[in-house]
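**Q** Okay, here's what each chain looks like letter by letter:
2 protein chains.
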Amino acid sequence: MYNKGLLSYFITACFIAITISLDGQEADKVIKSVFDEALNNQTAYRQLEYLCKNTKGRLPGSPAAAEAVEYTRQALINAGADSVWLQKVPVPHWERGLESCRAISSVFGTEDLSIAALGLSVGTDENGIISKIIEVHDFEELNRLGKKNIEGKIVFFNRPADNSTINSFAAYGGAVNQRTQGASEASKVGAIAVIVRSATQALDDFPHTGVLRYEENVNKIPAVAISTVDAELLSKWLRSDPGLKIHLTSLCRNYPDTWSYNVIGEIRGSEKPGEYITVGGHLDAWDIAEGAHDDGGGCVQAIEMIRIFRKLGIAPKRSVRAVMFMNEEMSGTGGKEYAREAAVKGEVHYAALESDRGVLSPRGFAFDADGERLNKLKSISEYFEPYNIRDFDKGGGGSDISPLKELGALQIGYIPETQKYFYYHHSANDTFEQVNFRELQMGSAAIAALIYILDLKDF
Amino acid sequence: MYNKGLLSYFITACFIAITISLDGQEADKVIKSVFDEALNNQTAYRQLEYLCKNTKGRLPGSPAAAEAVEYTRQALINAGADSVWLQKVPVPHWERGLESCRAISSVFGTEDLSIAALGLSVGTDENGIISKIIEVHDFEELNRLGKKNIEGKIVFFNRPADNSTINSFAAYGGAVNQRTQGASEASKVGAIAVIVRSATQALDDFPHTGVLRYEENVNKIPAVAISTVDAELLSKWLRSDPGLKIHLTSLCRNYPDTWSYNVIGEIRGSEKPGEYITVGGHLDAWDIAEGAHDDGGGCVQAIEMIRIFRKLGIAPKRSVRAVMFMNEEMSGTGGKEYAREAAVKGEVHYAALESDRGVLSPRGFAFDADGERLNKLKSISEYFEPYNIRDFDKGGGGSDISPLKELGALQIGYIPETQKYFYYHHSANDTFEQVNFRELQMGSAAIAALIYILDLKDF
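Top line first, the protein sequences correspond to chains A and B.
Each position in the first sequence, counted from 1, maps to that position plus 555 in the numbering used here.
Each position in the second sequence, counted from 1, maps to that position plus 555 in the numbering used here.
Heads up, some of the hints might be wrong.
Identical copies go unnamed one by one, so any copy, or any two together, can satisfy a pair.
Said to hold, decoys possible - The calculated DSSO-like cross-link candidates involving lysine-lysine, where the alpha carbons are at most 27 Å apart (straight line), are: (1) Lys872 - Lys702; (2) Lys1012 - Lys800; (3) Lys587 - Lys608; (4) Lys587 - Lys866; (5) Lys587 - Lys949; (6) Lys775 - Lys949; (7) Lys702 - Lys900; (8) Lys702 - Lys800; (9) Lys872 - Lys775; (10) Lys775 - Lys708; (11) Lys743 - Lys891; (12) Lys933 - Lys949; (13) Lys900 - Lys1012; (14) Lys702 - Lys643; (15) Lys891 - Lys931; (16) Lys891 - Lys960; (17) Lys800 - Lys708.
Please keep in mind that the hints were generated in silico from the structure rather than gathered at the bench.
Just chain A, with the same shape it has in the complex (with noise of 0.2 Å):
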């Protein structure tokens, strides 16, 4: 008995011993065959060259946001997902007017500014705003200020994005209330319009635009975003020239809200069909951007991991979809919606992963886990080791996954190298030039190859 429950022991203890050793080789092969086909294959990256130069500037509504749905509903029944579907989606309708910002100093001259509208702005009328301008840094200053010295005015928000803070998304972050919140906290005190400098750490030429929220019962004034360079000339005037009047035009305008889609592609599971897992990025860009790092690279990265499943032969135990999601810049419905019907259908949400960050060259993943599970998760880097990709860390997802956190999915962002992603975010720099075949691709077989070790192993 002894005997027999020793031998059976060391059986147990040898087969589970080759198991899991056989399952690391395996597992490792797989990998490896997933970085190969995304790197041998061209797919994904001329994807994403259509989505740019063939539905550019694909606001929520607009025809090109159109096109785009369209285009990766076929890309994705092209990839092999067993089934393809758009879900509707009520979007907000905007779009930009002709726009212009002109300085008339008496002591400089005149100048004409790089700007661009921010998403969801009132405009002005045709003949635009003549106005006196009040630089301010921050909401305290702009209050400190108050009524009698705004009123009537044009407000120039500028404070940079910090140049030496590390992380990008941090100095984005601690810029960008001026973007979001600017309009309405200059109305409250009787400013006629703003003008944000670009929130972005580049010295550039290019607008940098983005949503603004205009609160309730705040009177909406119109809202520009200007170049860094042209906030730097602007400032530098108004300190020698505090009278100089600032000339804005812009002509957008605010329709009804109209309908757009998901775009959504699945692999049915193999064994746990009734779980999912969601891998998206958004497919709405700004419209003057061509939308590659923001985010047609996320979406084709996607529609790569379909791809690369069914040419390898890989069949998840649980259903794994990628989502192209609309409307992540305007107000989120994509990601909202996709969550509520989730939930109305009482579908089981096991991991989600968003790529909206760019699509440089991958570091690694964030996950939004603690303890036991995020050193578990952690333990998954070393798969990654011949890849380089390291960084396997805490952190957030992205917006059009997060409503999914309430269905029990785990939050996956996506985490490639950002120093310079805000050189091209929501500008005209966002091109698809700016994007590189070997780091897109090696993103994709990162991602590809995250979702398959997640779902072979329980996390």
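Let chain A serve as the given structure and place chain B on it in line with the hints.
**A** Only chain B this time, still in chain A's reference frame:
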């Protein structure tokens, strides 16, 4: 006695603990100030712009190289080096001439191919060469074909840099012997010229040049690099039309050897002035390139270390030198001469760091060390966690500092992100515009911080 001993033990222990803790804290603060200074100052970035735009194509012995020598000498003085001097270096003198390559096919018509002569190659005469061409992938295939198939023809070496190889330097290394030895190997079996596929993972229109080495006592034949796009085209045409001819003209020429200079700037050590730490890149660049990533960036990072040390009042114990090595690309005489003179003078070289892998975002450092020393060096990585610089691994330094190894200098390589480095390398695509300010300066700061820590502690 015992109590006194115990008390003494405690006091000593507390003192050590406080010292280490303060030391660690202060080092952290110093490193933070190094990064702040680098990211808030444009000096190095503007120096790189100058080198790229005003000394483009600074081959050893060229007027552009002479201009770069003088410019960086002045930059080192401006940075605050205690002494700045030039070190005379023998260099080859090679010049590109008019060059063209036309494929003439009875099936497809004619096509001008994008080529660039290899450095140190001999040229054709003014009429060029018109000849049949034969494609091979490696020297084994070349020798199997032998004289009877090769004699009198142009050899087309078309083995690609493998795209699925993750380490782009390894992929380059797997293809580059066609460029360095191809002409000699082909000459031995009677070839009259060679056309070599550019050693890059990119599929692009840029020919990527580089040096070749002629074996002694082998007939020297002309050699050019062809862009990967045109290599694909030529290969495709050859499959259908093996009789196609090439009209190759390359009026490049070798001149008698001449002289140029290493540029050296030194901060005198405060405690051990007779021990040296060398930090450098190479100043020469290919004539068709601006030499931004290869290696103007490495040069200005070394100058920037001097500027930052002076600006922040960092006084290293050892003498620290920034060295702009001359002629890395052709025959490495700058690095050799620097080590030769150091040996003659009996200088003690503690460590040497080379930045010659481009200036994309920093990943870390490679150390040519083993065992306990390597572990100690790896422990430095904790200082770099706030900057997300994590790769402290075993590896090599670089070709310019390698002759210092015999003098005992620890060899250190600066390791930036490299997935797209070979998209620029040795081509007209290596321009200032391909360098990002933050990525360059994160690297400058990382190098300065590493040298500060290396000198502060003893490794």
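**Q** Determine for every hint whether it applies to the structure shown.
**A** How the hints compare with the structure:
Neither within a single protomer nor between protomers do Lys872 and Lys702 lie at most 27 Å apart by alpha-carbon distance, with minima of 62 Å and 58 Å respectively. Within a single copy, Lys1012 and Lys800 get their C-alpha atoms no closer than 64 Å, and across copies no closer than 58 Å, so neither meets the 27 Å cut-off. Proximity of Lys587 and Lys608 under a CA criterion of 27 Å is satisfied in neither setting, with 32 Å inside one chain copy and 42 Å between copies. For the identical chains of this complex, Lys587 and Lys866 are intra-copy neighbours only, at 14 Å inside a copy versus 47 Å across copies, given an alpha-carbon limit of 27 Å.
Taking the closest pair of Cα atoms, Lys587 and Lys949 come within 27 Å of each other both inside a single copy (25 Å) and across two copies (23 Å). Neither within a single protomer nor between protomers do Lys775 and Lys949 lie at most 27 Å apart by alpha-carbon distance, with minima of 39 Å and 59 Å respectively. Taking identical chains as interchangeable, the C-alpha atoms of Lys702 and Lys900 are never at most 27 Å apart, the minima being 52 Å within one chain and 73 Å between chains. In this assembly of identical chains, Lys702 and Lys800 lie within 27 Å of each other by CA distance solely inside one copy; the values are 19 Å within and 80 Å between copies.
Taking CA atoms no more than 27 Å apart as the test, Lys872 paired with Lys775 passes in neither setting, with 51 Å inside one copy and 61 Å between copies. For the homomeric pair Lys775 and Lys708, the shortest alpha-carbon distance inside one copy (14 Å) is at most 27 Å, but the shortest distance between copies (76 Å) is not. Taking CA atoms no more than 27 Å apart as the test, Lys743 paired with Lys891 passes in neither setting, with 30 Å inside one copy and 69 Å between copies. Taking the shortest Cα distances, Lys933 and Lys949 sit within 27 Å of each other both inside one copy (9 Å) and across copies (23 Å).
Within a single copy, Lys900 and Lys1012 get their C-alpha atoms as close as 26 Å, which meets the 27 Å cut-off; across copies the closest is 61 Å, which misses it. Taking CA atoms no more than 27 Å apart as the test, Lys702 paired with Lys643 passes in neither setting, with 44 Å inside one copy and 69 Å between copies. Within a single copy, Lys891 and Lys931 get their C-alpha atoms no closer than 29 Å, and across copies no closer than 50 Å, so neither meets the 27 Å cut-off. Within a single copy, Lys891 and Lys960 get their C-alpha atoms as close as 11 Å, which meets the 27 Å cut-off; across copies the closest is 60 Å, which misses it.
For the homomeric pair Lys800 and Lys708, the shortest alpha-carbon distance inside one copy (9 Å) is at most 27 Å, but the shortest distance between copies (73 Å) is not.
In summary, the structure is inconsistent with hints 1, 2, 3, 6, 7, 9, 11, 14, 15 from the numbered list given earlier, while agreeing with the others.
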